[in-house]
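Engineer: Sequence:
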Amino acid sequence: MADSSQERDMPVRSPPPSGAPKERPRLKLQPRSKPLEETGQVSGSSAIFGGAKPVDTAARERQIEEKLQMKKQFSSSDKENR
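With the working numbering as the guide, the letters of the sequence shown map in order to residues 16 to 97.
Keep in mind that the hints were calculated from the coordinates and are not lab data. It cannot be assumed that every hint is accurate.
[What the hints assert, rightly or not] Distance ranges between label pairs, derived from CB positions:
| no. | residue 1 | residue 2 | range |
| --- | --- | --- | --- |
| 1 | Ile-79 | Gln-45 | 33 to 41 Å |
| 2 | Arg-41 | Glu-76 | 52 to 60 Å |
| 3 | Ala-62 | Lys-87 | 40 to 48 Å |
| 4 | Glu-76 | Lys-43 | 39 to 47 Å |
| 5 | Lys-68 | Ser-90 | 29 to 37 Å |
Note that beta-carbon positions come from the ideal geometry of N, C-alpha and C, so glycine has one too.
Let's have the full structure, built from the sequences with the hints guiding it.
Structural biologist: Here it is, written out as structure tokens:
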């Protein structure tokens, strides 16, 4: 009985159409509106990220390590005073 209920839940597929598979129609592109030379010169060093600046992660890591050192020193000196 369990097999027949699973079969009812499965979608029924029609057999594949005979002949070759259908192909996508070919794109019909318009000719270029402007020649490639007139669009402007794009150099390899163009700003692909806009005005974004690189992040100096090493400096940030140093700041975090210094903070941890300060907290560690403060907590150890605080424990000694108790």
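Engineer: Against this structure, judge whether each hint is valid.
Structural biologist: Okay, the hints, checked on the actual structure:
1. Ile-79 x Gln-45: 33 to 41 Å: violated, 56 Å
2. Arg-41 x Glu-76: 52 to 60 Å: Check passed, 55 Å falls within 52 to 60 Å.
3. Ala-62 x Lys-87: 40 to 48 Å: Hint holds: Cβ distance 42 Å, inside 40 to 48 Å.
4. Glu-76 x Lys-43: 39 to 47 Å: Given range 39 to 47 Å: violated, Cβ gap about 56 Å.
5. Lys-68 x Ser-90: 29 to 37 Å: Since Lys-68 and Ser-90 have Cβ atoms about 36 Å apart, the given range 29 to 37 Å holds.
The structure shown violates the earlier hints numbered 1 and 4.
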